[in-house]
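Chemist: Each chain is listed here by its residues.
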Amino acid sequence: MRGGLGRAVTHLRLVVLLLALFLAAPARAQDQPLVAALSTQEVRISTGFVGEAIMVFGSTDQPIGPGGDEILVVARGPTRPLVVRRKVKALLFWINGPSARFDDVPGFYAIAGTRPAWQLLPEALRQENGLGLDALPLTSTGSRSPAFRAALLDLKKSSGLWLEGVAPVEIRGGRLFHIAVPLPATVPTGDYKVEVLLVRSRRIAAREEMSFRVERVGTADRIADVAENHAFFYGLACIMLAALAGWLGSVLFRRD
Amino acid sequence: MQVYLPIAGISVDAMLLVGIGFLVGWLSGLFGVGGGFLLTPALILIGIPAPVAVASGANQTLGASVSGLMAQWRRGNVDPKMGGVLTAGGFVGSLAGVQLFALLQRVGQIDLAVSVFYVVVLGTVGGLMVMESVRAILRRRGAVRRRLHEHFWMHGLPLKMRFRKSRLYISVIPPLLAGFFIGVLSAIMGVGGGFMLVPVMIYLLGMPTAVVIGTSLFQVVFVTANVTLLQAVQVGSVDVVLTLLLLLGGVIGAQFGAKMGTKLRGEETRALLGALVLAVALSLLWGLVRRPDAFFVIGPAL
Chain A
11 MRGGLGRAVT HLRLVVLLLA LFLAAPARAQ DQPLVAALST QEVRISTGFV
61 GEAIMVFGST DQPIGPGGDE ILVVARGPTR PLVVRRKVKA LLFWINGPSA
111 RFDDVPGFYA IAGTRPAWQL LPEALRQENG LGLDALPLTS TGSRSPAFRA
161 ALLDLKKSSG LWLEGVAPVE IRGGRLFHIA VPLPATVPTG DYKVEVLLVR
211 SRRIAAREEM SFRVERVGTA DRIADVAENH AFFYGLACIM LAALAGWLGS
261 VLFRRD
Chain B
10 MQVYLPIAGI SVDAMLLVGI GFLVGWLSGL FGVGGGFLLT PALILIGIPA
60 PVAVASGANQ TLGASVSGLM AQWRRGNVDP KMGGVLTAGG FVGSLAGVQL
110 FALLQRVGQI DLAVSVFYVV VLGTVGGLMV MESVRAILRR RGAVRRRLHE
160 HFWMHGLPLK MRFRKSRLYI SVIPPLLAGF FIGVLSAIMG VGGGFMLVPV
210 MIYLLGMPTA VVIGTSLFQV VFVTANVTLL QAVQVGSVDV VLTLLLLLGG
260 VIGAQFGAKM GTKLRGEETR ALLGALVLAV ALSLLWGLVR RPDAFFVIGP
310 AL
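If you read the sequences in order, they're chains A and B. In short: position in the first sequence from 1, add 10, done, that's the working numbering. In short: position in the second sequence from 1, add 9, done, that's the working numbering.
Mixed in with the good hints there might be a few duds.
[Stated by the list, open to error] Example chain B residues on the side facing chain A (calculated, C-beta under 7 Å, incomplete):
id, residue
1, ASN68
2, GLY72
3, VAL298
[Unchecked claim] Which stretches of chain B does chain A cover? Using the computed rule of at least three CB atoms under 8 Å from a CB of chain A, they are:
id, region
4, 52-63
5, 128-140
6, 189-203
7, 240-249
The hints are simulated quantities; they were obtained by calculation from the structure and are not laboratory data. Bear in mind the structure is a predicted one, so any value in this text is a computation, not a measurement. Quick reminder that beta carbons are idealized off the backbone N, C-alpha and C, glycines included.
Start from the sequences, fold in the hints, and give me the full structure.
Modeler: This is how it looks when you write it as structure tokens:
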């Protein structure tokens, strides 16, 4: 129920924003070929968080579509180092064997376009700008096998944290575009960057950079914060709470 | 109803957690054990990361054991001196266990280690329990009473101490070692260890059965508290939301289980518990032996 309502409110907000943009577009179009915005600057992870979609939308000064302008939207989450391990069979058991360490792995990455990026841009330009999962600058130490990189891509894709071309950027009225970027419940906290690129005759004609934050709020945030910064007191609190809950439960539900 | 677990960093169905808590609580009430050995594997099965499952499992076992300890204490069934010695050993053991846990996590073998510990410990204990109780059922008619206090090598050890409540005058080394060993298991497996401590107290230390349950609960409560604290500080994997949801189901389930447990006979109960323990061990063993679905795993670089 609440999820549905939230989505409805987001949609309503989107319609209002699109309308405002549409009305403002002719006036602003003269000086800017590309205008874009996000539905929100802040994604809040509360105790009931099940994921959220963030809307990226905007307009261009010339018609979008085949033969005309094209749009690419890229969202990148905060990076952190990861280790990919391969399971190997030792005697009877499957254990973690060789590993490769990847520095600066984006915790979230999504790319969408009016058409796939490889159709829109020359290969060199696409690689240079990191547009597409195969163009992510992932350098590894440890095992050199390309299988580790492929496995990282597979696992991230199946967890919904790395998305490529899941849905195309939609166009309304020739000049308005929008796309919903789905953030799964496991989305990492931190600062996210969203880039909107205007592609005109296989070149990047304009780009708009925006950002949003994913942060824990309320109880979830307070718990994580205390656990991280005051680990000793958090541990004590866990002991007290568990003991209290156990005792209280046995008093309330006694059946003899 | 989905709930976000702030430490695990994932969203899980709250009713599923309460349900698991209830089932484990029911079984633990039925058999009179803490149930940590069922809880941790169940949590790993539904996708909770192993470190969080172990640490929160220890935390849950603490909560589930507190009321039992209080009831036993009121009835005077706790030997605080023996409990203290066991706990002292348990503190050192859990400290060592958490160091080992952190080390295994750094080298990326923690999931394997947790599974192997479970298979070895549960396989041994479950096998012994089934054998023992089957033998007991078979010879029920011509029962030979076992002498409670027999003298063997253990009684030649130095550092003797008098345990008035247990009516024992024995060396502190065996209970210290037993406490240490259970402490290590508690830290790595997220269990209280009552299912191993009880036989040790009866057969090795020769304690009277009346004080065994209460004294083992004493050790379990303090050692799981220590594990909770150490895991929170060193590994940072205790998820209090997870713990409390499990406890909510657990305390209710335990009451139902305990009521039903009074209707079962001792040997049958133990044979059933042994079979359950063996089943958990075998399913974890299968998980280690079978071809994995995914040949690669990702972990944070530590």
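Chemist: Under 8 Å between beta-carbons, do enough residues of the region 128-140 of chain B, three at least, approach chain A for the coverage claim to hold?
Modeler: Our answer is that it is violated, as 0 residues pass the Cβ test (under 8 Å) against chain A, missing three.
Chemist: Next item in the hint list is GLY72 of chain B. Is there a CB on chain A closer than 7 Å to its CB?
Modeler: Where the cut-off is 7 Å and the nearest Cβ of chain A is about 3 Å from GLY72 of chain B, the hint holds.
Chemist: Mind checking the CB of ASN68 of chain B against every CB in chain A and telling me if the closest is under 7 Å?
Modeler: Holds - the Cβ of ASN68 of chain B comes within 7 Å of chain A, reaching about 5 Å at its closest.
Chemist: At a Cβ distance under 8 Å, does chain A reach at least three residues of the region 189-203 of chain B?
Modeler: n = 0 at 8 Å, threshold three: violated.
Chemist: Identify whether the interface hint at VAL298 of chain B stands, where standing means a beta carbon of chain A within less than 7 Å of its own.
Modeler: holds (6 Å)
Chemist: Taking a Cβ-to-Cβ distance below 8 Å as contact, does the region 52-63 of chain B have at least three residues touching chain A?
Modeler: Coverage by chain A is violated here, the residue count being 0 at a Cβ distance below 8 Å.
Chemist: How does the region 240-249 of chain B fare against chain A when you require at least three residues with a CB closer than 8 Å, holds or violated?
Modeler: holds (count 6)
The structure shown violates the earlier hints numbered 4, 5, 6.
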